Every structure is written in structure tokens, then in C-alpha cells.
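Engineer: From just these sequences and the hints, can you work out the full model?
Residue numbers (my numbering), protein chains in the order written: chain X, 1 to 289; chain R, 1 to 330.
A few of these clues could be false.
Unchecked claim - Calculated cross-link-like contacts (lysine-lysine; reagent style DSBU-like; alpha-carbon spacing at most 35 Å):
id, chain 1, residue 1, chain 2, residue 2
1, R, K306, X, K169
2, X, K54, X, K227
3, X, K272, X, K54
4, X, K216, X, K54
5, R, K199, X, K216
6, X, K54, X, K266
7, R, K199, X, K54
8, R, K306, X, K216
9, R, K199, X, K169
What the hints assert, rightly or not - Pairwise CB distance ranges, derived in the manner of DEER restraints:
id, chain 1, residue 1, chain 2, residue 2, range
10, R, G40, X, D258, 21 to 31 Å
11, R, A17, X, D240, 27 to 37 Å
12, X, D240, R, G198, 18 to 28 Å
13, X, A57, R, G40, 18 to 28 Å
If you're looking for bench data, these hints aren't it; they were derived computationally from the structure. It should be emphasised that the depicted structure is a prediction, and the values quoted were computed from it without experimental measurement. Ideal placement from N, C-alpha and C gives every residue a C-beta, glycine not left out.
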Amino acid sequence: MTEHPIFVPYGDDVIAGVVTVPEGTPRGVVLWLQGQGASSRAHKYRLWVRGARKLAAHGIGTLRMDLPGMGESTGAAPAAVDDVPTAQAAAILEVAMRALGVDAFALSGHCYGATAVFDLAEDPRCRGVGFVLFADPRYIVAQPQEVLAAKPVVPKGLAGQPRWKRTVKRAPGMQPLVRWRRARIARRVPWPAEFERLVGLVPTLYLLLRPERRAKVIREAIGDLGKRVPGARMDVTSLDHSAALTRMPRDVQEWVLDESVAWFDKVMPPAKAAPAEPAAPLSAGVGAE
Amino acid sequence: MATTEDMRDGVDYALLASLRSTDHLSLGIRETFVTPDIGGAPSLGVLAEPIDGAVADLGWVFCHSQGLEQRYVEPLEVDLARGLAASGFRVLRFYCQGYGDSAMIEGRTSLSTHLRDTVDAIDLMRELGSTRLGFFGARFGAIVAALCAERHGGQALILWDPATGGKGYLRNLLRQDAVAAVTLRAQLEGWSFGEWDGKRGGGPDPMRELEETGVITVDGLTIDREAYDELMAVDLATDLPTYSGDSLVVQVSRNTTPRADMTRLVESLGGRGSATFEAVAPVKGESAIGSARYLARGDDPDGRLKRDLQGKLSRTLVAQATGWAERLLA
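Structural biologist: Below, the structure written as C-alpha cells:
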């Protein structure tokens with residue numbers, strides 16, 4: 001395995017990334033897309049670096065990119081959640097695929113980075129999309145405010161006060177009712193059209209990192225999405241974890257990476273036959289001995 | 001033309017190699033990815049230099065921080081490196097082993113490993129032609145930068161919000177971790193201001209954990225007993241007995257009154273060389289050094305705007321540091 005840092009021109013700016021090249025002929029390339037809080041292509045706890053090296057052991061190349069205005073990439077950082085980095089991701093992914101000589105790619109992302117996957121997955125060379133989720137996946141497309149807008153307006157007065165609500169929720173026997181209500185709300189929230197289209201196009205993986213009682217609700221909601229889209233190929237798996245990226249123990253980090261790698265190994269095609277070795281060098285090249 | 005070596009297994013290595021460098025014409029600088037051996041294994045660095053004109057004989061080595069702080073300070077380091085290069089300096093940012101794109105995955109990092117790895121970066125800068133060296137560091141990185149300047153003949157120092165001693169730094173780290181744990185518990189259990197029951201956020205007490213297991217994990221960082229003791233012993237005001245170069249020490253805090261530990265450090269640095277002290281306060285709504293830079297804040301009615309939480313802070317710090325450093329060009 002070797003790693004190659006690159007700068008790819010994008011208009012007046014550059015997008016930086018690191019391409020990991022496995023031993024032998026690569027089967028395809030996985031693009032990891034982190035959220036903005038992660039700061040750069042290595043991600044917190046070096047998640048993407050470790051993931052890239054694990055994928056290389058399966059013959060799969062990887063591209064870790066710095067989002068616009070982050071890390072070594074230049075350009076304006078996004079000013080709004082709709083300002084998605086799709087075009088920049090497509091530009092650097094194209095270069096990585098050309099360099100690796102592959103015609104298959106897959107995507108993995110979370111939070112802001114994952115907003116880019118919907119358009120990128122329209123490409124027929126896309127073999128799958130994996131999500132690392134710390135919340136309901138609908139939040140990637142629709143902001144919490146929009147999701148919550150589907151809820152009835154909380155009445156003013158004592159009954160609507162958060163402190164009163166908390167007291168009620170904590171009363172003995174209330175927890176099952178609270179969970180039931182939360183599940184009911186979750187089912188009522190519509191799935192964005194982007195998700196419906198995505199799951200109909202490519203296989204998707206949902207790695208849920210939530211406390212089990214909340215993960216159950218999200219799993220059911222994802223299941224509902226699968227039922228609504230004929231032919232959807234979806235894998236959902238979850239781990240009881242509550243601290244998102246803030247306090248992620250090593251075993252949780254490894255779970256995310258191992259589950260992702262196993263899934264990409266499944267969806268990525270086998271390597272194409274390597275081009276025959278020429279009998280003699282094509283060219284001595286500049287500086288060759 | 002590609003050679004067979006350039007095109008093994010269908011991979012176009014020549015293409016990858018051709019993309020290692022880029023020119024930022026608006027700044028007049030060139031950035032090049034370098035892959036030196038750092039601490040006995042390959043790592044990655046970014047070398048920034050002016051495109052035109054002479055390169056100063058003083059080169060800057062950037063010493064990054066540790067744990068999550070390293071992630072959060074990095075965007076400011078990028079800005080400063082580009083600013084210094086635009087002023088005519090050669091600047092090297094690199095990853096110590098265990099960070100970023102470096103080769104080492106397993107294994108612990110400590111102040112010793114940072115100091116060990118920085119020696120290789122110093123050698124690289126000297127090979128590139130920098131006859132004099134300056135060091136930059138923020139928070140924990142400032143400890144590394146200052147100790148490297150002391151031990152390797154550094155002639156300039158830029159320290160942003162330096163951790164002036166290991167004891168205070170570790171205490172702050174443990175406190176941050178405890179607060180984060182309580183906040184997390186509040187989210188999970190659904191309580192807020194005024195409802196805290198006085199209990200910890202979960203997990204064992206770090207100091208007891210260190211006693212029992214010899215290791216603690218705080219703020220994304222694993223610290224063993226040796227690293228803990230090593231850091232506890234650091235006091236920059238007394239650990240730089242021979243350093244006599246120029247120093248810029250910047251306190252970044254809401255309160256711009258010089259802190260006692262900063263004053264002590266500046267007095268110590270000024271005793272033998274020239275030391276400049278500055279205090280910078282993040283503007284309202286901006287975060288301090290060591291916090292995440294970009295987040296969706298939801299402070300617009302629709303919650304759709306994303307804000308750079310350190311944009312003004314970065315511009316202020318970079319302008320201040322580059323202005324100060326320009327007098328070292330001569």
C-alpha cells in the first residue's frame with residue numbers, strides 16, 4: 001500500500017486529498033467524506049486514515065479529501081447547509097479514478113460530507129453509499145427545524161413548558177409512552193426525495209451510532225423507507241453509543257471501520273485484469289536511469 | 001511519458017506525482033506535499049514557499065498540538081503558514097507519528113515523541129537551505145516549539161495561547177473532559193441548567209484510572225503514566241535557560257489582561273532575547289483556540305447558515321504574526 005497526496009485544480013482553487021493505492025490492481029475507490037467539525041481529511045481519531053489502510057488490505061483504493069476551505073483545500077468554506085461540496089468531490093474523485101485506473105467507486109460519509117453523496121451516486125459507476133449516522137439520516141438533507149415542523153405546535157402555557165414536560169417524562173411508567181410517541185413522530189416525518197432516489201439507485205449502508213432505544217426508532221424508519229422503494233438494497237446496523245464523535249472509544253471507532261470495510265468489500269467489484277506488462281519500457285522518461 | 005514503473009498494476013503513479021504541488025497565485029506562494037521520514041517512518045508535510053523572489057534564510061517549523069486540539073488548531077496553522085510564506089519565508093508543516101497522514105497507527109504519542117519527530121523536520125528544513133530556524137506552536141504545540149527552539153538553536157518563536165506548563169495544561173484537559181461528559185449526560189437524560197445532580201458524566205475518575213491502569217483517555221488523547229509525568233514536569237518559564245532569540249507570545253482569551261503565567265513566560269523569554277506579548281480576544285460569537293472552527297450554528301431563523309467561528313480570530317492572529325515576523329526577514 002502506498003499513499004499519495006494530491007492537489008487538484010478546481011477553478012481558481014485547489015482541492016487537496018490523499019489517494020491510497022493498494023497492492024496489485026485496485027478494485028475501485030472509496031471516497032470518504034467527513035463533516036466540517038472533523039477539520040480535514042484524516043478525520044478525528046484518524047478514522048479515515050485507518051479506514052483507508054484497512055480497505056487497501058482488500059484491494060480497494062481510497063480517496064480522502066479536504067472539503068473546500070478546509071485542510072489544504074482552498075476556496076470558500078460553505079456559508080450555508082445547502083452549499084454542498086458535490087462538484088469539488090466529483091472533480092477530485094475523477095482524478096483519483098483515472099490515476100487508479102478503476103471504473104467503480106463507492107462513497108462513505110456523515111453530516112455535511114454526506115450531503116454530497118446524493119448527486120455523486122447518480123453516476124452509473126457508483127457501487128454503493130455508506131452512511132455513518134449519529135442521528136436520523138433524514139437530517140442530512142432536511143434540517144432539524146424542517147423535520148420538527150411536521151410536529152404539532154406545542155401549546156403555550158404550563159403544559160408546553162420544557163420543565164413540566166421533563167417532569168412528566170420522568171414519571172414512573174412514562175418512558176415506554178415517550179418512546180412510543182417518539183417512534184410515532186419519526187414515522188410521520190417524510191423521507192426526503194433524495195433518499196428515495198438514492199436507495200433505488202445503489203446499495204446503501206446505515207451505520208447507526210445511537211443509544212439502543214433511539215436506534216430502534218431510526219431502524220424502523222429506515223425499514224419503512226426500504227418498503228416504500230421497490231428493489232431497495234439496504235443494510236442497517238447499529239451500535240449502542242451515545243457520544244457521537246465527541247467521545248468515541250477505540251472499540252467504537254474500530255466497529256465503524258470494520259463494518260464499513262466489510263460492506264465495501266461486498267459491493268465493490270473484483271479487480272479487472274491488469275494490463276499486460278510490456279516487454280520493454282515504454283519510454284526512458286525524464287530522469288530515468 | 002510514463003515508464004513501466006510509473007504504470008504498475010494499471011495505476012498512473014506519474015499522474016499522482018505530478019499533482020503534489022500547487023501555486024496559490026493570489027498569495028504568490030507554492031505549496032508542495034513532502035513525504036519525509038519522521039520519527040523513523042514515513043509521514044506527510046506541506047512545504048510553503050514564495051514563488052518569486054528570495055526565500056528568507058529563516059525557515060519556520062510548525063509544531064502541531066495533540067489530541068482533538070490538534071484537529072481544531074490545524075485550520076489556523078494553515079492560515080499562518082500561508083501568511084508567512086507570502087511574506088517570504090519557507091514554512092514546513094508536518095505530522096508527527098500518530099497524527100494525520102503519518103504511517104504509525106498504533107503506539108502512544110507523548111511530548112517525547114513530538115520532540116523526537118520534530119528533529120527530523122528540522123533536518124529537512126536545513127537540507128532545504130534554511131540556515132536559521134523559527135518555531136511555531138499553539139497550546140500544547142507551543143511547548144513542543146519552545147523546547148525545540150531551546151534544544152536546536154532556534155532563533156524565533158511564535159506561540160499562540162501557549163500552554164506554559166504541563167500541570168495547568170493537564171488540569172485544563174481533565175476539566176474539559178469532565179465538562180464534556182456531564183454535558184453528554186445532560187443530553188441523554190434530558191436535564192439542563194439547574195438540574196445537575198452533582199455526579200460525574202460517566203466513566204471512572206481519570207486520576208483513579210491513571211493510578212489503576214496506568215493510562216487515561218481524555219479529549220481524544222491517550223496518555224500513559226510516563227507521558228503524564230513528563231508533561232507535568234514542564235514549565236516553560238524555567239525550561240528555556242539558553243534560548244535567546246525573538247519571541248512573540250499571544251494570549252488568546254476573552255479577558256485581555258495578561259495572565260500571570262504568560263507574564264512569567266514573557267519575562268523569562270525577554271531576559272535573554274526580545275519578547276513581544278500580545279493579547280487577542282475572540283469577538284463575540286467566535287470560539288477560542290482549541291475549539292472546532294466550522295459548525296452550523298442555527299442562529300439564523302431557518303438554521304441553514306454555516307459560520308466560520310474563528311474567521312476574524314484567524315485574520316487577526318495571522319496579520320499580527322506575519323507583521324511581527326517580517327522584521328526577521330533582514
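Engineer: Is the distance from the Cβ of D240(X) to the Cβ of G198(R) consistent with 18 to 28 Å?
Structural biologist: 26 Å, holds
Engineer: Is the hinted range of 18 to 28 Å satisfied by the C-beta distance from A57(X) to G40(R)?
Structural biologist: 23 Å, holds
Engineer: When you check the alpha-carbon spacing of K54(X) and K227(X), does it fall within 35 Å?
Structural biologist: The hint holds at about 33 Å.
Engineer: Just to be careful, I want the Cα atoms of K306(R) and K216(X) compared with a cutoff of 35 Å; is the pair within it?
Structural biologist: Within the cut-off at roughly 30 Å; holds.
Engineer: Is the hinted pair K306(R) and K169(X) satisfied, with a Cα-Cα distance of at most 35 Å?
Structural biologist: Holds - the C-alpha atoms of K169(X) and K306(R) are around 33 Å apart, at most 35 Å.
Engineer: When you check the alpha-carbon spacing of K199(R) and K216(X), does it fall within 35 Å?
Structural biologist: 28 Å, holds
Engineer: Does K54(X) sit within 35 Å of K199(R), going by the straight-line distance between their CA atoms?
Structural biologist: Not OK: K199(R) and K54(X) at ~40 Å, beyond 35 Å, violated.
Engineer: Kindly confirm whether 21 to 31 Å is satisfied by the beta carbon distance between G40(R) and D258(X).
Structural biologist: Cβ of G40(R) to Cβ of D258(X): about 28 Å, so the range 21 to 31 Å holds.
Engineer: Are the Cα atoms of K272(X) and K54(X) separated by 35 Å or less?
Structural biologist: Distance ~20 Å between K272(X) and K54(X) Cα, so the pair holds.
Engineer: Straight-line Cα separation of K54(X) and K266(X) no greater than 35 Å?
Structural biologist: 14 Å, holds
Engineer: When you take the CB atoms of A17(R) and D240(X), is the distance between them in 27 to 37 Å?
Structural biologist: 45 Å Cβ-Cβ, so the 27 to 37 Å window is violated.
Engineer: Is the Cα-Cα distance between K216(X) and K54(X) 35 Å or less?
Structural biologist: Answer holds: K216(X) to K54(X) is near 29 Å, not above 35 Å.
Hint check: violations occur at hints 7, 11; the rest are consistent with the structure.
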